[in-house]
Amino acid sequence: MNNDHNHDQNHMDNGSHGHDPPIKKHNITEINKMLNIDGKYIMDRGSHTHHDNLVSIRKDEYKGHKISITTTYDIEVDGKQIFPPLHVNNNGSVSAHIVPNYASSSVIELMRILIDSFPEDFKGGN
Amino acid sequence: MVVTRVNILDNESVRNQFIRGVKLLKDDILHPEWPNTYDLLVIWHYIAMNTFTPASQMVRNAAHIGPVFLPWHRWMLILLERHLQRVLNDDNFGLPYWDWSKDGELSPSEQKTALLWSDAFLGGTGSPVTTGPFTEGSWKVNVAEDIDGNLIRTNRSLTRNFGAIIANLPTKAEVRTAVDRGQPNVVYDTAPWDINSISFRNELEGWVNIPPTRLHNAVHVWVGGDMLTGTSPNDPVFYLNHCNVDRIWSSWTKKYNNPEYLPGNNESSDLQGHRLNDLMASITEDDQFDPLFRGKVSPKDLLDPSTRYVYDTLEL
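So the protein sequences, as listed, match chains A and B. Counting along the first sequence from 1, when you hit position 3 you're at 3 in our numbering, and nothing is skipped either side. Counting along the second sequence from 1, when you hit position 272 you're at 398 in our numbering, and nothing is skipped either side.
These aren't lab readings, by the way, just hints derived from the structure by calculation. Treat the hints loosely; a few may be bogus.
[To be verified] Taking lysine-lysine and the BS3-like style, the derived pairs with C-alpha atoms no more than 27 Å apart in a straight line are:
no.: 1; chain 1: B; residue 1: K228; chain 2: B; residue 2: K152
no.: 2; chain 1: B; residue 1: K228; chain 2: B; residue 2: K298
no.: 3; chain 1: A; residue 1: K40; chain 2: B; residue 2: K149
no.: 4; chain 1: B; residue 1: K380; chain 2: B; residue 2: K228
no.: 5; chain 1: B; residue 1: K266; chain 2: A; residue 2: K123
no.: 6; chain 1: B; residue 1: K238; chain 2: B; residue 2: K149
no.: 7; chain 1: A; residue 1: K80; chain 2: A; residue 2: K40
no.: 8; chain 1: A; residue 1: K33; chain 2: B; residue 2: K380
no.: 9; chain 1: B; residue 1: K381; chain 2: B; residue 2: K298
no.: 10; chain 1: B; residue 1: K298; chain 2: B; residue 2: K380
no.: 11; chain 1: B; residue 1: K152; chain 2: A; residue 2: K40
no.: 12; chain 1: A; residue 1: K40; chain 2: B; residue 2: K266
no.: 13; chain 1: B; residue 1: K149; chain 2: A; residue 2: K33
no.: 14; chain 1: B; residue 1: K238; chain 2: B; residue 2: K228
no.: 15; chain 1: B; residue 1: K381; chain 2: B; residue 2: K426
no.: 16; chain 1: A; residue 1: K40; chain 2: A; residue 2: K123
no.: 17; chain 1: B; residue 1: K266; chain 2: B; residue 2: K298
no.: 18; chain 1: B; residue 1: K426; chain 2: B; residue 2: K380
no.: 19; chain 1: A; residue 1: K80; chain 2: A; residue 2: K123
no.: 20; chain 1: B; residue 1: K422; chain 2: A; residue 2: K33
no.: 21; chain 1: B; residue 1: K426; chain 2: B; residue 2: K152
no.: 22; chain 1: B; residue 1: K266; chain 2: B; residue 2: K152
no.: 23; chain 1: B; residue 1: K238; chain 2: A; residue 2: K33
no.: 24; chain 1: B; residue 1: K228; chain 2: B; residue 2: K381
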């Protein structure tokens, strides 16, 4: 038996690419402890901020020209600003990794899905 | 031992074992300071989904929207199957699959009342689910995701909302299109290795020609409720969906005589975790949780699962 379960890590290292940067590691015992004490485990997303969630950059190359399109959203629900992690895909559809299997041509439609999917975050209404 | 994975609608014994087994895993504690084994699988999925590869973007992650989607979930299914064999004390147990494309041939109203959703199988829709084996008192959702993408402790019942976002499950024609699309140049995956790729992986995952959402993704969205978020394994139907996805991958592999897995090892480090020999995102190296690989396995290791399991049929 492996007794290192207090030091569990999410290994993404690669034997054939030892120069690759390390990827965030996780510890089950720590996750479980935080869930039990704080009721929440906050993922470390490095330099990403809440506001980064609302900025999506598309990049493409066409006939040797480099294209970059930045889309920024400002979303409020019931007067409160929210920061769902939105991404505009190259075909113009919009997705959010918190509903990871869905993409829509309409951000309004996507917001309706989010309100239905996260009732604890959108209390009230009817 | 090589086990056979069967259609859950065809085998009452396997159906009952699956339902009993996942409930046993809810009470199974491998280490005192760990969550139960079922919830640990949920957390592993959430962590992988929220591990972005590379970390500089927020689309491709360590288990989805990239080449590793199929082998990573194959690993997860193999481990679930192993744990079910352990708690059921039956090394012959093979996971069942749900051939959702067969239900996709029914009318929208018939899809919602198909046999899988009857009391003896997985129960029906609702918030909370009120019929079948996963109702309040019989099944608790202990971890979930909030809108900020954090993992939160909860204590509530399972939710589903059949057909609320999309009316139809994928059809057999859609599955066949995905499997046949590659002819004559069969490509497992290709640049940009994400939601925009024109490849078998991206087609089966459900991102080609969106919207509407398709195939694997469409099953999550059609079921709705807990199946919509990064903690979607909270609903046991998650595994029936992915077992069918794995079956479709197996069928494609056989049809085209083992096409090459891409990307290879020489691709950019931006694809770390997705290349042929990369280690995939694990949650632990503990040998009680992962007695088969101890958390260290690459896509290459799982391209041929025939020494572990076979499907009763690869007909789609």
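Outcome of the hint check:
1. Between K228/B and K152/B the alpha-carbon distance is near 30 Å, which puts this suggested pair outside the 27 Å criterion.
2. At most 27 Å may separate the alpha-carbon atoms for a hinted pair to count; K228/B and K298/B meet this at roughly 7 Å.
3. A C-alpha spacing of about 24 Å is found between K40/A and K149/B, which places the hinted pair at or below 27 Å, so the restraint holds.
4. Between the alpha carbons of K380/B and K228/B the distance comes to roughly 21 Å, so the proposed pair stays at or under 27 Å and holds.
5. Proximity of K266/B to K123/A is assessed by CA-CA distance (about 21 Å); at most 27 Å being required, the pair is judged to hold.
6. Pair hint K238/B plus K149/B holds up; C-alpha atoms about 24 Å apart against a cutoff of 27 Å.
7. For the hint linking K80/A to K40/A, the alpha-carbon distance of about 22 Å falls within 27 Å, and the restraint holds.
8. For the proposed pair K33/A and K380/B, the alpha carbon gap of about 45 Å is over 27 Å, so the pair is violated.
9. Of the pairs offered as hints, the one joining K381/B and K298/B holds, with about 16 Å between alpha carbons and a cut-off of 27 Å not exceeded.
10. Distance restraint check for K298/B and K380/B: the Cα-Cα separation of roughly 18 Å lies within the 27 Å cut-off, and the hinted pair is therefore satisfied.
11. Between K152/B and K40/A the alpha-carbon distance is near 20 Å, which keeps this suggested pair within the 27 Å criterion.
12. Under the criterion of a C-alpha separation no larger than 27 Å, the hint pairing K40/A with K266/B is consistent with the structure, at around 17 Å.
13. Straight-line distance between C-alpha atoms of K149/B and K33/A comes to about 23 Å, which keeps the hinted pair within the 27 Å bound.
14. For the suggested pair K238/B and K228/B, the alpha carbons sit about 13 Å apart, so the restraint of at most 27 Å is met.
15. The straight-line distance between the Cα atoms of K381/B and K426/B is roughly 19 Å, inside the 27 Å bound, and the hint therefore holds.
16. Only pairs whose Cα atoms come within 27 Å are accepted, and K40/A paired with K123/A is accepted, the gap being roughly 19 Å.
17. Taking the CA atoms of K266/B and K298/B, the gap is about 34 Å. The hint is violated against a cut of 27 Å.
18. Distance restraint check for K426/B and K380/B: the Cα-Cα separation of roughly 16 Å lies within the 27 Å cut-off, and the hinted pair is therefore satisfied.
19. Distance hint between K80/A and K123/A is fulfilled; the C-alpha atoms sit about 12 Å from each other, no more than 27 Å.
20. With a C-alpha separation of about 25 Å, the suggested pair K422/B and K33/A falls inside the 27 Å cut-off, and the hint holds.
21. Straight-line distance between C-alpha atoms of K426/B and K152/B comes to about 31 Å, which puts the hinted pair past the 27 Å bound.
22. The straight-line distance between the Cα atoms of K266/B and K152/B is roughly 9 Å, inside the 27 Å bound, and the hint therefore holds.
23. Restraint check for K238/B and K33/A: the C-alpha separation of about 39 Å exceeds 27 Å, so the hint is violated.
24. For the hint pairing K228/B with K381/B, the CA-to-CA distance comes to about 20 Å; that is within 27 Å, so the pair holds.
Going down the numbered hints, you'll see the structure goes against 1, 8, 17, 21, 23, while the others check out.
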